[in-house]
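Q: What follows is each chain in one-letter form.
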Amino acid sequence: MDHPAVAEEDVPLLSLQAFSLARGKVDVLDNVAFELGRGQTIGLIGESGAGKSTIALAIIGLLRPPEVALRGSIRFDGVELTGLAEAQYRQLRGNRIGLVFQDATAALNPCFTVGAQLAEPLSRHLGLRGNERRQRSIELLESVGIGEAALRLDAFPHELSGGMQQRVMIAMALACDPQLLIADEPTSALDVTIQAQIMELILERVRARSASAIFVLHDLALAAQVCDRVVVLYAGQVVEVAPAGELFAAPRHPYTRALRACSIELGQEQVLAPIPGSVPGLEDLPAGCRFAPRCDRASAQCAQTPPLVSDGIRSVACWHA
Amino acid sequence: MPNRFLAQVGQTALVLFFVSVASFVFLKLAPGDPVSLMLGSDYNKDSYDRLFTELGLDRPWMVQYTTWLGNFVTGDWGRSFVSNEDIFRLAVMQALPVTLCLAAYAMVLALLVGIPAGVLSALKRDTWMDLCATGVAVFGNAFPSFYLGIVLIWVFGVGLGWFPTLGFVAPWEDPLEGLWYLTLPAITLAAWYIGLIARVTRASLLDVLGHSYILAARARGEGATRVVWVHAMRNVLMPLTTTLGLQLGGMLRGAVMTEVVFALPGLGMMITAATLNREYTVVQAGVMLSGLLFVLVNLMVDQLYTWLDPRLRRLA
Ligand SMILES: Nc1ncnc2c1ncn2[C@@H]1O[C@H](COP(=O)(O)OP(=O)(O)O)[C@@H](O)[C@H]1O
Ligand code: SF4
Ligand SMILES: [Mg+2]
Numbered sequence: 000m001d002h003p004a005v006a007e008e009d010v011p012l013l014s015l016q017a018f019s020l021a022r023g024k025v026d027v028l029d030n031v032a033f034e035l036g037r038g039q040t041i042g043l044i045g046e047s048g049a050g051k052s053t054i055a056l057a058i059i060g061l062l063r064p065p066e067v068a069l070r071g072s073i074r075f076d077g078v079e080l081t082g083l084a085e086a087q088y089r090q091l092r093g094n095r096i097g098l099v100f101q102d103a104t105a106a107l108n109p110c111f112t113v114g115a116q117l118a119e120p121l122s123r124h125l126g127l128r129g130n131e132r133r134q135r136s137i138e139l140l141e142s143v144g145i146g147e148a149a150l151r152l153d154a155f156p157h158e159l160s161g162g163m164q165q166r167v168m169i170a171m172a173l174a175c176d177p178q179l180l181i182a183d184e185p186t187s188a189l190d191v192t193i194q195a196q197i198m199e200l201i202l203e204r205v206r207a208r209s210a211s212a213i214f215v216l217h218d219l220a221l222a223a224q225v226c227d228r229v230v231v232l233y234a235g236q237v238v239e240v241a242p243a244g245e246l247f248a249a250p251r252h253p254y255t256r257a258l259r260a261c262s263i264e265l266g267q268e269q270v271l272a273p274i275p276g277s278v279p280g281l282e283d284l285p286a287g288c289r290f291a292p293r294c295d296r297a298s299a300q301c302a303q304t305p306p307l308v309s310d311g312i313r314s315v316a317c318w319h320a
Numbered sequence: 000m001p002n003r004f005l006a007q008v009g010q011t012a013l014v015l016f017f018v019s020v021a022s023f024v025f026l027k028l029a030p031g032d033p034v035s036l037m038l039g040s041d042y043n044k045d046s047y048d049r050l051f052t053e054l055g056l057d058r059p060w061m062v063q064y065t066t067w068l069g070n071f072v073t074g075d076w077g078r079s080f081v082s083n084e085d086i087f088r089l090a091v092m093q094a095l096p097v098t099l100c101l102a103a104y105a106m107v108l109a110l111l112v113g114i115p116a117g118v119l120s121a122l123k124r125d126t127w128m129d130l131c132a133t134g135v136a137v138f139g140n141a142f143p144s145f146y147l148g149i150v151l152i153w154v155f156g157v158g159l160g161w162f163p164t165l166g167f168v169a170p171w172e173d174p175l176e177g178l179w180y181l182t183l184p185a186i187t188l189a190a191w192y193i194g195l196i197a198r199v200t201r202a203s204l205l206d207v208l209g210h211s212y213i214l215a216a217r218a219r220g221e222g223a224t225r226v227v228w229v230h231a232m233r234n235v236l237m238p239l240t241t242t243l244g245l246q247l248g249g250m251l252r253g254a255v256m257t258e259v260v261f262a263l264p265g266l267g268m269m270i271t272a273a274t275l276n277r278e279y280t281v282v283q284a285g286v287m288l289s290g291l292l293f294v295l296v297n298l299m300v301d302q303l304y305t306w307l308d309p310r311l312r313r314l315a
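Residue numbers (numbering that gives the first Met the number 0), protein chains in the order written: chain A, 0 to 320; chain B, 0 to 315.
To be clear, the hints were calculated from the coordinates, so they are not data collected in a lab. Given the structure is predicted, the values throughout are model-derived calculations rather than measurements. Quick reminder that beta carbons are idealized off the backbone N, C-alpha and C, glycines included. Hints may contain errors.
To be verified - Computed from the model, here is a short list of chain B residues facing chain A with C-beta under 8 angstroms:
(1) Glu176
(2) Leu214
(3) Arg219
(4) Gly220
(5) His230
(6) Asn234
Could you build the full structure based on these sequences and the hints that come with them?
A: Spelled out as structure tokens, the structure:
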């Protein structure tokens, strides 16, 4: 892959700084910041509605003005993405940034064959045609563990199982050897029995290409296993960022602690004890710390917004962490 | 697929059977006696009885029906009392092509205008462009077609003189002149369908654009134009075909009206004229032919639909 001249190996591949995104009057993301190094994997964790998918779509440039309002910065390989022209953004999508959707059944167009959809990034970004393109498609399907690949190319999505469909999505996202792969809950729509296989497959493909990856996950234990660092999101804000192992061993934010408690119980196949209360609606957030209504450590001070404080290795946004 | 196809053929046969029985019974119940009509002035008891037996009218209805159906299937549709012309020739060779040309021209116009209008109003949802397109669609839907026909004749025919006001030139003999003559009638017939197509396209496209496969196509780097016209519209074709298929009967009805307004020698005109002349055999032939046409077109639409939706195509 050709890298722009400005990119240097010590510049992180991706960095979000004070990144906010608003739909109308509602701030869906507020001051999100994290960095992703080359060849690294990062996990985004948080309850449903925390803004994980929004971050994924914002990075790949599918949530842009005028649909939403953006503030702050997303830099990818040294290039600022928030103001990038659509034509240039298109060069990144599917080429240098790949996206795996949560529900492959919904993300594959029912009217086009697997081959036709897989061929698109190959023609658009790599200029492949005819037999060469078909050969590359077959290799891609084989690389994600799909047998009889030549036959599958002519299949329509509904003729494949859910697991196969997700493999196709993965092949598509990796078609052009992206530097960054974003996988938004890549296994949560799948049968439990094949979730581990698919996760394993993505990890293996990402490592084989020494690409960077963002995994949106909802299980902290899984995130700790597969990611280098984990970003914990709550109601559109980053509440804790830390190396995965440390975060799991010693979570500091009360929300992360609660998530870990859930995760451990899940691991032991006990009944899930969800965190009491629910995520506040983004329209009526509490002033100060957004987690306060559900927090067992909340004090008077928590009526002030806690800043994200970093010690150089990990950061946390809590007055009493 | 074969099962579905066989079921459709069976269904079609059943519908055709009912149409044939209905048009047979219609002839039997029609006021006026075919024998006296045929004899005209040459009427006396003797010749009446002779013709009555000759026509097989003394035989049981069952036999009459099967004989009639047999003749119909082999193209022996009898002769017109008025012009003594062969009815099969009159209906199938002369009137039918006119109606088919009109309907096809109108359908092409309706698709060419309706689809872009629907796409435009979906993409520019809730802007003035959407409002205009929706307004035109509602107008086309609400305006009675014979009235629209008359208005078009007045404005573009009589007033501006751009198009001929009445009459017909066969497009298969002189394509340009033929289309020129058919343009106002085709617009008249298309108006209602433009409204329908625009509305269905708008609603279906908005629905399709909300699916994640659209987002996924964009995430592969596809441009907005291609995503709309290829990825999304391919999916819009299915609901569009369904709706249009359901309304094709209306197209035949509309063609009758339009032919009368513009004096086009099509099936509708043939049936109307025959009804006024009490030529019930011609009316019957027209009804049978329209029924056949309706059923065949529906069968084609159904096949088209099966072919358009891969989920139905490859169930094997
Ligand atoms: N298409 C949309 N229109 C309006 N609000 C949306 C839309 N998609 C997501 N949201 C809102 O944005 C917030 C974040 O959603 P999302 O990023 O999907 O969360 P997550 O992926 O963490 O479950 C939620 O409050 C959700 O209601
Ligand atoms: S700042 Fe206060 S309310 Fe918020 S998580 Fe920390 S202790 Fe709980
Ligand atoms: Mg999500």
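Q: Have a go at the His230(B) hint: is there a Cβ in chain A nearer than 8 angstroms to its own Cβ?
A: holds, 6 angstroms
Q: Grab the minimum C-beta distance from Gly220(B) to chain A and call the hint holds if it beats 8 angstroms, violated otherwise.
A: Check passed: Cβ of Gly220(B) comes within 4 angstroms of chain A, closer than 8 angstroms.
Q: With a cut-off of 8 angstroms on the beta carbons, see whether Leu214(B) makes it to chain A.
A: At about 6 angstroms, which falls below the 8 angstroms cut-off, the nearest Cβ of chain A leaves the hint on Leu214(B) intact, so it holds.
Q: Less than 8 angstroms between beta-carbons is the criterion; does Glu176(B) satisfy it with respect to chain A?
A: violated, 40 angstroms
Q: With a cut-off of 8 angstroms on the beta carbons, see whether Asn234(B) makes it to chain A.
A: holds, 6 angstroms
Q: Would the stated hint for Arg219(B) survive a check requiring a Cβ distance to chain A of less than 8 angstroms?
A: holds, 4 angstroms
Hint compliance for this structure: hint 1 is the single one not met.
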